[in-house]
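J.: Chain by chain, the residues run as shown.
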Amino acid sequence: MKVVYNISDNIISSLGFTTAENMASIYQGCSGVSLHTNDFGIPEPFQASLVSHETLDEHFNRIADIKRYTFFERMVILSVHEAAFHTNIDLSSPETLFVISTTKGNVYLLDPEHSHEFSEERVNLWSSAKEIASFFNNQNTPVVVSQACISGVSAILAGKMFLESGKYKNVVVTGGDMLSKFIVSGFQSFKALSLKRCRPFDALRDGLSLGEGAGTMILGVGNEESLPADAIVVKAGATSNDANHISGPSRTGEGLYRAITRTLSGTDAADLAFINAHGTATVYNDEMESIAISRAGLENVPVTSLKSYIGHTLGAAGLIETISCSHALQEGRLINCLGFSDLGVSKNIKVITESSEFKEKECLKMVSGFGGCNAVVLLKRYN
Amino acid sequence: MDELILELKQEIIKVLNLEGVKPEDIDNDAPLFGDGLGLDSIDALELIVLLEKNYGIKLEDPGKGREIFGSINIFAKYISDNRKK
Amino acid sequence: MGLAVNKYCFITPEKVCINGQKLFDLDAREPHEKSLVQAYRNLEIEYPKFFKMDNLSKLALLASECILKNTDLYEIKDKGNVAVVLSNASSSLVTDSNYHQTIDEPANYFPSPSLFVYTLPNIAIGEICIKHKIFGENIFFVSRQFDSSVLYLYVNELFGKTYTDYCIAGWVECNVKTYEAFLFLVEKGTNGRAFDTMTLDNLYKTK
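Chains as they are written, first to last, in my numbering: chain C, 1 to 383; chain S, 1 to 85; chain X, 1 to 207.
Everything labelled a hint here was simulated from the structure, so no lab data went into it.
Please note: incorrect hints may appear among the correct ones.
[To be verified] Distance condition first, Cα-Cα at most 20 Å in a straight line; then the derived EDC-like pairs of lysine to aspartate or glutamate: (1) C:Lys191 with S:Asp35; (2) X:Lys177 with C:Glu44; (3) C:Lys169 with X:Glu157; (4) C:Lys130 with X:Asp147; (5) X:Lys49 with S:Glu11; (6) S:Lys53 with X:Asp104; (7) C:Lys235 with X:Glu105; (8) C:Lys2 with X:Glu157; (9) X:Lys49 with S:Asp35; (10) C:Lys191 with S:Glu67; (11) X:Lys131 with S:Glu19; (12) C:Lys191 with S:Glu19; (13) X:Lys49 with S:Glu60; (14) X:Lys49 with S:Asp25; (15) X:Lys133 with S:Asp40; (16) S:Lys58 with C:Asp206; (17) X:Lys177 with C:Asp206; (18) C:Lys167 with X:Asp196; (19) C:Lys191 with S:Asp40; (20) S:Lys58 with C:Glu44; (21) X:Lys131 with S:Asp40; (22) X:Lys34 with S:Asp40; (23) S:Lys53 with C:Glu44; (24) S:Lys53 with X:Glu105.
[Stated by the list, open to error] Over 10 Å on every C-beta distance to chain C, these chain S residues come out as not near it, computed from the model: (25) Met1; (26) Glu19; (27) Val21; (28) Lys22; (29) Ile26; (30) Ala30; (31) Leu39; (32) Glu67; (33) Asn73; (34) Lys77; (35) Tyr78; (36) Ser80.
[What the hints assert, rightly or not] If the Cβ cut is set under 10 Å, some of the chain X residues that face chain S in the computed set are: (37) Pro31; (38) Lys34; (39) Val37; (40) Gln38.
Heads up, the beta-carbon is just placed ideally off N, CA and C, and yes, glycines get one too.
Using the sequences and the hints, build the whole thing.
T.: Structure representation (structure tokens):
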């Protein structure tokens, strides 16, 4: 039977420029989230995890001219470059498709202080995506997925579908978001940000920490029987809508619950090593996720969130966090839910407090976003 | 106070896009949230912006919003007691 | 699996059409917001939340009404097997610019949450799902122009691989110059137009 699997990946975040650097920092309990005052022209301080422009550009300078690309594009291009580096995948092949996930791309160009930096059309997501795909000489029109915070997982599931159609041999699922006055001010207007580093599922949680970064998964399709050792297969997934409110999570976790059950149809929950939740640490999101997890009968599956390590990286989140899941499956070690101390949700979910070893081969990654959207992906480690 | 109440109603109708609603349609003591005008969490946040923009009152704790926006009368009294503009 | 397109609609500042028949004209000289409200009234929709939406969501909501009205789906209270797949070129750029105006000047810095919430194109999908109680698969693509091949490929897989029995799909574009919605309903069966890229391109040309 043919399955879609992860050939190679990369994470760029405040914790590092490779997947290995990021995973090492995560397992060491490091956080890239810190308090920022007077950044981006924002009057109020905010917690965020930022990617160092200096270090990014040191790396980027080796492959192209910094001035030709926006910061968002540089993160994504570098991420794809790093992911593809040790593979023999031809990124320029017509059988390779780019699927790019982002919420706001180059929106910072709307700022009168920055609008002169590039042409007017560059603020468009399709334009930015074209720059990214063209960098690798790929002639296929890149597919852009823009679906709030679920963009990354949505893009992975879309990539899987494009591969299963038989039209492509490889799909480069990549994505990112950069922070800007636009984004930070918006979340502040929603009173959604905590002034402390975020505390997912915790009784004292009071909002999220923002982040920026990029992630890439290069997917291929192959026979189950002849996958590389330790291959991570994108086994199943689903998206769903709460059909309730455009910004408030459903009180019954309706959409997420449905996405979970559709994803797990045919899978024994006992095979799940862990759930990597969205865990943004807002009062409502974490409560909603605990309800959906409980309704799906998964209260005993260990749950974690990465948001306190790298912040909420928006369009990159679904990618970066799914990649972390795949490596955790390969390591056989749980990721501690940084920022968590005492359970503060109504359902008795098992939030991870120790990065212990496990033997199970599967895990769930879930995300939810503005617009009432939810996405879940099931990963399985083979061999 | 009457002037403030009328002004407040007009502002609320405008910033919350309450189509077809006139100031005289809004009962001064009726709850603004819940059934009445069908306001939701985003409306509450927008009213917090209105408080600061029009009256110079900064509301740090959005939780207090529900109390203050209880009704037009409660809202107007709060503004009258705390306004800086 | 045989898939067919039996319902489609167009909404532009000039008119609203369903299945190739014009329902009514709109006044293209009016600002977009006004003509969209005119379409809302002509379609006799009773939905006060409409007036809180930005133009992109208004347009998407109107188009979804055109597609679903007078179908069996309209009355169903829980549409878990209905997918929504939308696309456009400008994402939410008009609202993005409007939102940016609330943060541009330091002396007049009042970020608006009711604008910010609409600075994501998939909110339009959310509004459709809320009104019509749709819980199925959903995704939003951005491309320079209407791309029948991506929509076809993706929707075809949805029917084959997920719990999808119906799909509302299409193009909902809103920019400072104009707006345009081309929405169609894909369902199982072989009656009517075959769902393929040629059908989509031919239908799109009839706007």
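J.: Compare the structure with each hint and give your call.
T.: Here is what the structure says about each hint:
no. : hint                   : in the structure
1   : C:Lys191 with S:Asp35  : 24 Å, violated
2   : X:Lys177 with C:Glu44  : 36 Å, violated
3   : C:Lys169 with X:Glu157 : 16 Å, holds
4   : C:Lys130 with X:Asp147 : 15 Å, holds
5   : X:Lys49 with S:Glu11   : 18 Å, holds
6   : S:Lys53 with X:Asp104  : 15 Å, holds
7   : C:Lys235 with X:Glu105 : 49 Å, violated
8   : C:Lys2 with X:Glu157   : 15 Å, holds
9   : X:Lys49 with S:Asp35   : 14 Å, holds
10  : C:Lys191 with S:Glu67  : 17 Å, holds
11  : X:Lys131 with S:Glu19  : 18 Å, holds
12  : C:Lys191 with S:Glu19  : 26 Å, violated
13  : X:Lys49 with S:Glu60   : 28 Å, violated
14  : X:Lys49 with S:Asp25   : 18 Å, holds
15  : X:Lys133 with S:Asp40  : 19 Å, holds
16  : S:Lys58 with C:Asp206  : 19 Å, holds
17  : X:Lys177 with C:Asp206 : 42 Å, violated
18  : C:Lys167 with X:Asp196 : 15 Å, holds
19  : C:Lys191 with S:Asp40  : 15 Å, holds
20  : S:Lys58 with C:Glu44   : 13 Å, holds
21  : X:Lys131 with S:Asp40  : 16 Å, holds
22  : X:Lys34 with S:Asp40   : 25 Å, violated
23  : S:Lys53 with C:Glu44   : 16 Å, holds
24  : S:Lys53 with X:Glu105  : 13 Å, holds
25  : Met1                   : 29 Å, holds
26  : Glu19                  : 18 Å, holds
27  : Val21                  : 21 Å, holds
28  : Lys22                  : 26 Å, holds
29  : Ile26                  : 23 Å, holds
30  : Ala30                  : 23 Å, holds
31  : Leu39                  : 13 Å, holds
32  : Glu67                  : 15 Å, holds
33  : Asn73                  : 25 Å, holds
34  : Lys77                  : 23 Å, holds
35  : Tyr78                  : 18 Å, holds
36  : Ser80                  : 24 Å, holds
37  : Pro31                  : 15 Å, violated
38  : Lys34                  : 13 Å, violated
39  : Val37                  : 8 Å, holds
40  : Gln38                  : 13 Å, violated
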